[in-house]
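Chemist: I would like the entire structure built from these sequences, with the hints used as guidance.
Residue numbers (the numbering used here), protein chains in the order written: chain A, 1 to 172; chain B, 1 to 543.
By construction, these hints were calculated from the structure, which means they are not laboratory data. Just so we're clear, the structure is a prediction, and the values are computed from it rather than from any experiment. Quick reminder that beta carbons are idealized off the backbone N, C-alpha and C, glycines included. One should not assume that every hint holds.
[Unchecked claim] Taking lysine to aspartate or glutamate and the DMTMM-like style, the derived pairs with C-alpha atoms no more than 20 Å apart in a straight line are: (1) A:Lys24 - B:Asp29; (2) A:Lys147 - B:Asp197; (3) A:Lys12 - A:Asp72; (4) A:Lys147 - B:Glu460; (5) B:Lys153 - B:Glu457; (6) A:Lys157 - B:Asp229; (7) B:Lys479 - A:Asp72; (8) B:Lys431 - B:Asp536.
[Said to hold, decoys possible] Computed, partial: chain A to chain B, Cβ under 7 Å: (9) Lys24; (10) Thr25; (11) Pro27; (12) Glu28; (13) Glu29; (14) Gly30; (15) Phe33; (16) Pro44; (17) Val82; (18) Gly84; (19) Val89; (20) Cys92; (21) Val142; (22) Gln146; (23) Gln150.
[Said to hold, decoys possible] Listing some non-contacts, in silico: residues in chain A with all C-beta distances to chain B over 12 Å: (24) Lys5; (25) Phe6; (26) Asp9; (27) His47; (28) Glu54; (29) Arg62; (30) Gly63; (31) Ala64; (32) Ser67; (33) Ala108; (34) Pro110; (35) Met130; (36) Met137; (37) Leu164.
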Amino acid sequence: MELQKFLTDNHKSICAQWTDAIIKTYPEEGAKFFSGSANQFSNPVGHTFRSNIERMFLALARGADASECSTDLDGILRIRAVQGFAPSVALCFLPALKEIVYREVAKANPGGAAADSLHDWNVRIDRLTMLGFDLYMAAREVLWKQKANQLYNRTHKLLERANLLKDEEVAG
Amino acid sequence: MSDLPRPEALFANIDYTPPKADWMDVPADIKPGRYCYAANPESVKYVGLPNAHKWNPLDEDWGLPENWQEIIFNGLRERLHKFRSFKIFMDICVRCGACADKCHFFIGSGDPKNMPVLRAELLRSVYRGEFTTFGKILGRFAGGRKLTAAVLKEWWYYFFQCSECRRCSVFCPYGIDTAEVTIIGRELLNLLGLNIDWIATPVANCYRTGNHLGIQPHAFFDMIDFFCDDIEDITGIRPEPNFNQKGADILFITPSGDVFADPGTYTCMGYLMLFEYLKREYGLSVTWSTYASEGGNFGFFTSHETMKRLNSKMYMEADRLGVKWILGGECGHMWRVIHQYMDTLNGPDFQSSRMETPVNPITGTVFKNAASTKMVHIAEFTADLIKHGKLNLNKKRNANIHLTWHDSCNPARGMGLLDEPRFVAKSVVEKFTDMPEGTIREQTFCCGGGAGLNAGENDELRMMGGLPRANAVKYVHEKYGVNMLGCVCAIDRAVLPNSMAYWVPEVSVCGLHELVANALVFPGEKERETDLRGEDLPGMEDE
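Modeler: Below you can see the structure in the form of structure tokens.
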């Protein structure tokens with residue numbers, strides 16, 4: 001079985017399962033909403049999950065490196081990073097793709113040595129997961145920087161008003 | 001390879017799927033990042049609100065008075081009697097779900113208790129369970145439940161996750177205003193001293209010194225003077241604003257955020273320049289007040305009584321100074337209170353008899369819409385001036401800006417101010433593109449920080465709630481090259497910069513009158529090289 005063709009031919013089913021791996025981490029009513037309307041403005045979270053997942057999967061299926069998924073993965077993780085999940089839960093859908101593809105391949109090729117043929121694929125998903133850590137942390141860093149800047153600006157302005165700063169510090 | 005456990009097996013002991021349970025059986029899990037710190041008891045005490053005490057939302061014991069249930073029941077009974085709207089909202093909801101997916105906090109978080117219908121149900125279920133015969137007998141079968149400490153904590157957690165933006169109410173076929181349920185919910189919590197500090201302390205400050213930050217008159221004056229220095233550096237024109245001037249025609253009141261927080265400060269410089277221009281060209285007589293130095297009304301997020309008291313200071317100051325009418329700055333909640341509550345709270349009788357239906361002294365336009373409140377929004381005022389050709393404007397100074405417009409919830413949904421800001425904006429910028437339908441005008445998405453939710457500690461909540469707005473901005477940024485988000489609300493100007501920095505970093509935030517002032521050409525001014533932010537004007541980059 002040629003894996004690339006298999007993945008491309010079955011992308012709809014696999015993407016649906018991969019999207020579900022994210023969606024199922026939400027409470028039932030929230031999950032139902034995110035799975036519902038495809039309108040990108042009334043359901044931005046669901047729309048981002050679905051469309052970014054599909055683009056990422058098709059890129060990976062055609063053999064692209066995980067780094068090509070950076071923008072789409074960032075779109076998803078920027079949302080996950082502010083929804084109060086533990087980091088492991090926020091990223092849990094990434095390793096889940098290995099199992100989803102393994103099951104699909106095993107189903108289509110019963111008795112075959114599916115795991116061996118998936119070695120390269122799994123390595124790419126590992127790289128995607130590592131990229132996910134970087135992006136998740138970058139999103140969290142933005143939030144922390146905002147907090148830090150807020151405190152810095154508050155103090156800086158008070159010092160500036162009290163004429164306790166040197167000229168170069170005022171400019172900075 | 002095949003002997004290794006598969007990924008799902010490795011994660012088998014971790015369950016990422018939340019348990020399926022009826023909402024009444026899922027207690028509130030109070031998470032850092034989603035709640036604001038408890039009110040400082042001194043601030044609660046200062047305005048005479050009951051049960052001021054020190055407490056922590058993460059503690060098991062919230063230090064409630066022994067008879068807390070009785071206090072809530074009496075408070076609820078009193079409000080059911082006093083506010084017919086509230087009584088109706090408790091009774092008529094058929095849980096059709098039209099509002100369910102309209103709240104920005106639900107759209108961004110997926111937390112079902114942020115669905116407006118369910119948020120209201122938190123209170124409605126107690127009303128049924130404790131106040132209606134049907135609910136008392138059938139309990140849960142009739143959608144009723146008892147008031148327990150866990151229920152009270154759930155109220156607190158979720159009523160302070162509602163920004164009272166009223167987007168849900170636009171979609172309710174019965175016209176239920178869920179924000180009103182939140183307002184009463186918060187009012188009941190205030191009976192037990194359970195406010196948040198980002199509301200309680202600004203309220204106390206505003207009551208004492210006239211503005212949220214507690215800035216005293218001399219410091220307020222200093223800040224404005226500081227802006228005048230900057231304006232003089234940029235334009236060669238030094239504004240000479242009046243303060244507390246008795247006998248002025250018009251009193252100007254704006255949120256103190258414009259005076260103390262970027263980028264609102266540039267909007268404030270815009271007001272100063274507009275008034276100076278109008279004074280020099282047409283002799284307009286406007287005064288600022290260092291006492292009524294706050295348009296925002298955080299009493300609105302506390303109780304009707306507190307809202308009334310903070311609102312009254314503006315009209316007491318108008319009376320003291322003897323002005324004819326009030327011109328209001330780019331504020332959000334101030335306008336909602338004035339437009340929707342003030343006539344009942346303080347009423348026209350409260351106003352000085354010297355106040356008149358506002359007339360623009362330069363154009364002669366009578367603002368009949370403000371006949372009752374005697375207060376005109378500055379976007380209406382400036383639109384009127386532009387319509388009559390009274391301002392000399394040069395759009396080219398804003399040529400590097402591609403603007404989109406965020407309809408601030410309260411002026412948009414609370415008073416129907418939709419077209420005036422757009423008219424002004426299009427008169428001062430060359431490139432303007434609206435965001436898609438369903439995300440603007442009456443259906444505008446909240447910034448995520450309204451109703452007192454702009455504290456540093458609940459930033460994750462604000463990011464989730466700000467997602468639908470940012471998502472629409474991202475669309476017009478990517479498709480049309482929009483790089484500036486305009487608005488007429490001080491809270492927007494405080495919240496949206498961080499939201500943009502997170503979701504669409506290429507887009508900045510500004511107020512309307514910053515753009516007006518950049519375009520405004522004073523007779524005899526020096527050639528400007530920078531805008532009000534000190535950034536090079538288009539065409540001046542290499543000079």
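Chemist: So, for every hint listed, does it hold in this structure?
Modeler: Against the structure, the hints come out as follows:
no.: 1; hint: A:Lys24 - B:Asp29; verdict: holds (19 Å)
no.: 2; hint: A:Lys147 - B:Asp197; verdict: holds (18 Å)
no.: 3; hint: A:Lys12 - A:Asp72; verdict: holds (17 Å)
no.: 4; hint: A:Lys147 - B:Glu460; verdict: holds (11 Å)
no.: 5; hint: B:Lys153 - B:Glu457; verdict: holds (18 Å)
no.: 6; hint: A:Lys157 - B:Asp229; verdict: holds (17 Å)
no.: 7; hint: B:Lys479 - A:Asp72; verdict: holds (17 Å)
no.: 8; hint: B:Lys431 - B:Asp536; verdict: holds (18 Å)
no.: 9; hint: Lys24; verdict: holds (5 Å)
no.: 10; hint: Thr25; verdict: holds (5 Å)
no.: 11; hint: Pro27; verdict: holds (5 Å)
no.: 12; hint: Glu28; verdict: holds (5 Å)
no.: 13; hint: Glu29; verdict: holds (4 Å)
no.: 14; hint: Gly30; verdict: holds (3 Å)
no.: 15; hint: Phe33; verdict: holds (5 Å)
no.: 16; hint: Pro44; verdict: holds (4 Å)
no.: 17; hint: Val82; verdict: holds (4 Å)
no.: 18; hint: Gly84; verdict: holds (5 Å)
no.: 19; hint: Val89; verdict: holds (5 Å)
no.: 20; hint: Cys92; verdict: holds (5 Å)
no.: 21; hint: Val142; verdict: holds (5 Å)
no.: 22; hint: Gln146; verdict: holds (5 Å)
no.: 23; hint: Gln150; verdict: holds (6 Å)
no.: 24; hint: Lys5; verdict: holds (22 Å)
no.: 25; hint: Phe6; verdict: holds (18 Å)
no.: 26; hint: Asp9; verdict: holds (23 Å)
no.: 27; hint: His47; verdict: violated (8 Å)
no.: 28; hint: Glu54; verdict: holds (18 Å)
no.: 29; hint: Arg62; verdict: holds (22 Å)
no.: 30; hint: Gly63; verdict: holds (20 Å)
no.: 31; hint: Ala64; verdict: holds (21 Å)
no.: 32; hint: Ser67; verdict: holds (20 Å)
no.: 33; hint: Ala108; verdict: holds (17 Å)
no.: 34; hint: Pro110; verdict: holds (14 Å)
no.: 35; hint: Met130; verdict: holds (14 Å)
no.: 36; hint: Met137; verdict: holds (14 Å)
no.: 37; hint: Leu164; verdict: holds (16 Å)
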